[in-house]
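> Sequence:
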Amino acid sequence: MGSLIAPRTDSRPILFVAREPDETLRTFLPVIDELWRAYACESVVLFHHMPGDWARDALRSRGVPFHEVAVPTGLLPARAATLPGAGTINEVAQLWQARALAQSLVARLRPAAVVVIQDTQLLERFLVRDANQRGLPTFVVQWAFSFPQRLYDRLRTIQYARPAAMPRNVLRQTLSPLTAGLYRATLWALGLSFNLVNSYGGGEARRFAVMGEAFRDQFTAQGVRGKEIIVTGHPTHDAVFRRAATVDAAERAAIRTTYGLPHNRTVVLYATQPVLWRKVISRETLEANVRAIAATVAQQSGCAVVLKLHPREDPADYAFCATLDPPVRVLTQAEMPDLIAACDLFISSSSSTVLLAMMLDRPIITVNFDEVPHFDQFEPIGGTRHVRTYADFAVALASLLRDPAAEADLTGQRASVVQRYARFDGQAAARIAGVIAGALHRQPLLTPPAAPGSVAQSVEVRR
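Sequential numbering from 350 applies to the sequence shown in our numbering.
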């Protein structure tokens, strides 16, 4: 009797590079699971940040090894930063160190393929380049709703704004083009230069898995060339697809019990954004906005508002919510598909969770009270009631909660948005795993393998 498992052509693990604390791992885990279940492909995860306990536990429970490294910061001490040429010297040193680290990691981990979230980040670009040079398949997986790059550029300008520079003297103005050219030539000579497109997938990875057709068009318009852009859908959307198919009154009640939400109230869920981290509004403005939203919701009979904080936010910044009348519940950890399914109306600005709320067919209000550049993103996309003032928010809230015709008008829009921005069929993780396995010439198994157990304790920390 022949083997039920297809022959394995490569036993090396697939390297997944996680760059955000825990959050990108949520994108990778369903793919890692599917690669093992369907192809017996082992995986290894590389963190270049300090992962949370959740991330470590999730990998240990699967027997997936992980490694932690620190991204190089250069050679010069901080006190030398103001010396002439120190910034350039340190940047070249940082690039050199990042390349050396990437080369050592690929040589030591011996991956069969490399999967990253963004191949334009410092360490990722060298990992991808080294993998390409070794003939290994390389992939980018879109991990969140991506805005046009011009919005990110504006946000970085705000977030990393520097004081106005002193006027340069004539000599420096004359030498500036020469020194810039010398810098570029030095990077090229040292093998440290990259011709990067300003995009999440604008580096050198060979394949780019995106959520939907709209994103393929967006990245192509931004100049992404020389790679295969594949519309796969997103693994998180698979969980939303399953939730959308099973949620009913009993499930909603169970979810509300899990998160301590009221059973006899209309729950308005507000998914916040990291506005203080982005430095797009002040603490005072943040508090004023939350107070206005909470007061407006409280005016609607039988309504309660709940806040779900973005992972980059500090709960201490929302401590004032406990002093509101009535107090506002603040959640820091939650499975968003469940939480959205259990609510009656959803509020956000530009979060990826807006797309999840569309998939779960919730009434949605998007808000931009302070002219934040990217908070108008969903207005032209559709599927939400978009408002810019507290008064308009009050009107939209009352309309969507009390007028079925107003809500029905958005239903068709939501379906159209989901069709363009996602592949919503519950098969995204399988599709991404198939693309990776196909590049490795791995055939699907006829029967699932036993859970991997030989590498569960293989954890290495280098900081």
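Honestly, the hints are just simulated from the structure, not real lab data. All C-beta atoms, glycine included, are put in the ideal place defined by N, C-alpha and C. A portion of the hints provided could be inaccurate.
Pair by pair, the computed Cβ-Cβ distance ranges are [to be verified]:
id, residue 1, residue 2, range
1, ALA740, GLN768, 44 to 52 angstroms
2, GLN452, ARG627, 30 to 38 angstroms
3, ASP719, ALA534, 40 to 48 angstroms
> Does each hint hold? Answer for all of them.
Tested hints:
Separated by about 33 angstroms at the C-beta atoms, ALA740 and GLN768 break the suggested range of 44 to 52 angstroms. Taking the beta carbon of each, GLN452 and ARG627 are about 34 angstroms apart, inside 30 to 38 angstroms as hinted. One distance hint, 40 to 48 angstroms for the beta-carbon pair ASP719 and ALA534, holds here, with the actual separation near 44 angstroms.
Hint 1 alone, counting from the list given before, is not met by this structure.
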